[in-house]
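*Asks:* Sequence:
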Amino acid sequence: MMQAHSSDLEIAAEHKGWLSRLDSAARRPGLVAAALGFAALNAAAAMTVLVMMPDDQGPTAAPATPVMVSKLAPTVAPAPAAEPRHAALSEVVHRLPRAQTWHPPHQLPVGRDHSAAPDIARSAPGGLAAPRADGLPTPELDSAPLALASLPRDVTPEPDKEVLKSSLVPQIATLGTIRPRARPELDIPEVPETIQVAVSLRPKLRPEGLKLPEPSIDRTPEAEAPTATLAALPRAIERPVSGATCNTRLTRAMPNRRGSAKGGDAVMAGLMRTSGTERDRLVAREILAGNMPSFLQDLVPVEVSGRARDGSPIRITFCATPDYLAVGSDRDFVRVPMGLPAAMQIAGRFDMMLPTRRMVDQIYRAADTRVAPKPMTPGPQMSSTDYLVRHNRTVEGQLRGASVAGHLTSGHKKDLVLTNRLSSNRGRVAIYGWHRTNGKAIQPLSTVHGATYADYSHGVRLISQTAYLNGRPVRLADLMADPDYASLISDEGPIRAAQLQVASAN
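Counting along the sequence shown from 1, when you hit position 407 you're at 407 in the working numbering, and nothing is skipped either side.
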């Protein structure tokens with residue numbers, strides 16, 4: 001092995017001896033006591049300096065340098081030049097007393113208000129100006145506090161959208177303003193003239209033998225207007241002598257029936273397993289293609305007479321189909337009920353519309369043939385294709401093969417009608433009619449069914465959009481919307497074009 005150099009060994013020995021001597025000296029008791037005494041002496045000297053140092057905040061402090069305080073000049077009207085006021089702040093500034101916590105009325109917790117603790121006065125700290133709305137300071141502040149009694153009685157926990165800044169002004173409550181008033185002296189006679197019954201909040205047992213009336217349930221689905229009978233109709237209704245008024249020009253939008261079209265029984269045989277909107281779609285396709293009896297194009301006039309507001313006579317003539325919509329030929333047809341959307345689609349294509357409730361009554365009164373209603377057993381099968389085919393056979397048996405062409409027939413179906421109720425009952429269908437032989441309708445005006453609902457008792461009778469006012473051709477929709485003429489053909493006032501759009505949108 002190699003041996004270390006002699007000079008390196010001497011340096012290491014010398015370094016080790018110096019540290020050993022320093023450690024031995026630090027462990028001597030005399031040196032430790034001297035260090036502690038020196039530290040205590042320094043601490044005492046520092047304490048003496050702090051105690052003897054003058055306090056700038058004490059009462060013996062030298063007067064502070066005077067501070068110049070000048071009053072701001074008003075911005076509205078400049079005051080005449082004057083010597084500024086000077087004040088020397090030589091007094092001791094003390095800490096302001098802690099102000100009591102006060103919450104504006106709109107920031108109170110839920111269930112609390114300022115009247116919850118009337119014995120605690122809520123006031124601003126003395127010497128502080130009451131906060132006001134944003135703006136320039138005024139020379140003099142109104143220090144008169146507002147009483148708590150002047151606040152509104154009802155304090156809501158939720159503020160309005162805009163809270164007045166004046167509500168942030170602290171209020172002062174005085175005991176005199178919140179004390180209840182003395183009860184007024186009442187002059188009550190000792191012996192009351194009437195019998196006084198003491199009312200208790202505690203429930204009492206029902207007396208034995210007490211009979212209560214049985215609760216009555218109104219089964220009427222909706223309030224209906226009184227149905228007018230034939231004798232109660234106020235205006236004269238008659239059929240014009242000449243049939244040239246409702247000519248074929250009013251039905252030129254109706255297509256002619258093709259020779260290859262199916263008969264009514266054949267069409268219904270293919271629809272036995274369908275119902276609802278699917279059946280309506282297939283039937284509407286047949287009718288719009290012209291597969292319907294030709295006698296439906298022989299419109300029948302119905303004339304209504306009345307007087308205008310100025311007393312002048314009015315005569316309105318409208319043209320109606322002699323029977324309800326049917327599919328097939330003149331000898332083989334079936335009357336088909338359908339929902340409101342399909343009915344309005346066909347009416348719009350043929351430039352026609354549905355009647356009103358009053359027009360249904362007028363058609364029944366002017367009818368050449370009145371058929372007594374024949375209701376069938378109610379149930380879910382009412383809307384089936386089989387039910388409507390069977391009911392059509394019943395009606396044909398009542399008519400006994402009577403000619404329908406040019407003859408107005410009524411009473412064997414309920415009508416789909418126009419009414420103002422459709423605006424508040426969107427998505428519904430309005431039905432009315434099915435008159436008995438005494439002139440009273442079995443079905444009052446109803447909108448309880450959905451727009452696509454149809455059963456065997458419903459029928460669709462179309463009215464031409466062209467009507468005649470004192471012999472002059474006009475639009476029937478305009479007469480319905482005019483207050484001067486609407487009452488002759490509507491018992492619920494004018495029916496605006498918006499109602500027709502609602503019915504068409506269903």
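Hints may contain errors.
Between beta-carbon pairs, the in silico distance windows are [what the hints assert, rightly or not]: (1) Ser423 with Asp484: 14 to 24 Å; (2) Arg390 with Ala253: 41 to 51 Å; (3) Leu288 with Glu396: 23 to 33 Å.
Rather than coming from a laboratory, the hints here were simulated on the basis of the structure. Glycine is no exception: its CB is placed at the ideal position from the N, C-alpha and C atoms.
*Asks:* Run every hint past the structure and note whether it holds.
*Replies:* Now for the hints, and whether the structure bears them out:
1. Ser423 with Asp484: 14 to 24 Å: This hint holds: roughly 22 Å between Cβ atoms.
2. Arg390 with Ala253: 41 to 51 Å: Violated: the Cβ-Cβ distance is about 32 Å, outside 41 to 51 Å.
3. Leu288 with Glu396: 23 to 33 Å: holds (25 Å)
In this structure, the one hint that does not hold is number 2.
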